[in-house]
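Going down the list, the sequences are from chains R and F.
Residues 1 to 157 (my numbering) are what the first sequence spells out, left to right.
Residues 1 to 147 (my numbering) are what the second sequence spells out, left to right.
Everything labelled a hint here was simulated from the structure, so no lab data went into it.
Here the structure is a predicted model, which means the values were calculated and not measured.
Fair warning: there could be bad hints in the mix.
A short, non-exhaustive set of chain F residues, derived as facing chain R with CB atoms under 8 angstroms [said to hold, decoys possible]:
id, residue
1, 11
2, 27
3, 30
4, 44
5, 55
6, 109
7, 139
Below 35 angstroms or equal to it, Euclidean Cα-Cα: the simulated DSBU-like pairs (lysine-lysine) are [what the hints assert, rightly or not]:
id, chain 1, residue 1, chain 2, residue 2
8, F, 77, F, 145
9, R, 154, R, 3
10, R, 108, F, 77
11, R, 3, F, 77
12, F, 54, R, 3
13, F, 145, R, 154
14, F, 145, R, 3
C-beta atoms are modelled at their ideal positions from N, C-alpha and C, and glycine is treated no differently.
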Amino acid sequence: MNKYDWLLFLHITGAFLLVGGGVVAGALNLAALRRDRPSEILVLFGLTRIAVAAIIAGSLLAFVFGLWLVNEVGYGYGDGWIVAAIVLLIAGNAIGGFAGSRDARTAKFAEELVAQGDAPSAELQARVRDPITLICNYGSGLILVALLAIMIWKPGA
Amino acid sequence: MLAAIRPDSWNLPLFVHVLGAMILFGATATVAIAGFAARSRGAHAELLARVALKTFLFAIIPSWIAMRVGAGWIEGKEFPNDEPGWLGVGFAVSEGGALLLIALGILGWVSVRRHGIGRAAAAVPILAGIYVVALAIAWWAMSAKPG
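Sequences and hints are given; from them, build the entire structure.
What follows is the structure, encoded as structure tokens:
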């Protein structure tokens, strides 16, 4: 394996962790939408912390080794597709992080309801199904798909 | 530089293959996470078993198909006559992995029937974890192209 192979492997590993983490978070989030009991919602939201760790690690790996690859292969840091990819990576993380912070507050509220007897709550349901949070969660997922498309087609390269 | 250039006609099959593989990785990891979490959260074992089974049905199966269709599609374009050795690693993981995934689906169904407890429930995250590692080996072979 030469240097390029290693850089590509580590860059792709980051991409797998990033998209894979997004899939884990999405699957657990979808499951939470169908539950009523606060303790069930709390368990599912709690497990998304593993996904968040994968997304953060994956973003860092993909970004660092992606920039290194740009230098290694001889692309320009100002090339349109590379700039677009960086913007999408930052936007996806920012939007996903915004939704994640709202989900974290929902999990905290669910924890309070569990301590009070674990009875279903209309307010908790409304928070879990909050349209702004859902749009941001799934919007960040779509951004990742667009990012992958740019990495493969490399428009303008 | 040459390694980064490919004909435009390869892009769509590569996109289908890679996106399918990434979703497959995440979906299989979800099954592993839910399965292992069920062991320490007995009160929610049935819920987590259902999450694992639904993830298998609605994410693992379609993403495996996308990954495999994309793989066959781009293989026909990139290596119409002679296959390199590293491609065999990918096919071993996809074809061999299909058998493992069938077992995973059956055990996932049994696990739900038994409310998320018992041997089937214990085996589900182990099988899923093995497949996650196999997928990591495959993406190493696909990117590093050893030999």
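For each hint, the structure was consulted:
{"no.": "1", "hint": "11", "result": "holds, 5 angstroms"}
{"no.": "2", "hint": "27", "result": "holds, 6 angstroms"}
{"no.": "3", "hint": "30", "result": "holds, 4 angstroms"}
{"no.": "4", "hint": "44", "result": "holds, 5 angstroms"}
{"no.": "5", "hint": "55", "result": "holds, 5 angstroms"}
{"no.": "6", "hint": "109", "result": "violated, 17 angstroms"}
{"no.": "7", "hint": "139", "result": "holds, 6 angstroms"}
{"no.": "8", "hint": "77/F with 145/F", "result": "holds, 17 angstroms"}
{"no.": "9", "hint": "154/R with 3/R", "result": "holds, 21 angstroms"}
{"no.": "10", "hint": "108/R with 77/F", "result": "violated, 52 angstroms"}
{"no.": "11", "hint": "3/R with 77/F", "result": "holds, 27 angstroms"}
{"no.": "12", "hint": "54/F with 3/R", "result": "violated, 41 angstroms"}
{"no.": "13", "hint": "145/F with 154/R", "result": "holds, 21 angstroms"}
{"no.": "14", "hint": "145/F with 3/R", "result": "holds, 12 angstroms"}
Checked against the numbered hints given earlier, this structure breaks hints 6, 10 and 12; the rest are met.
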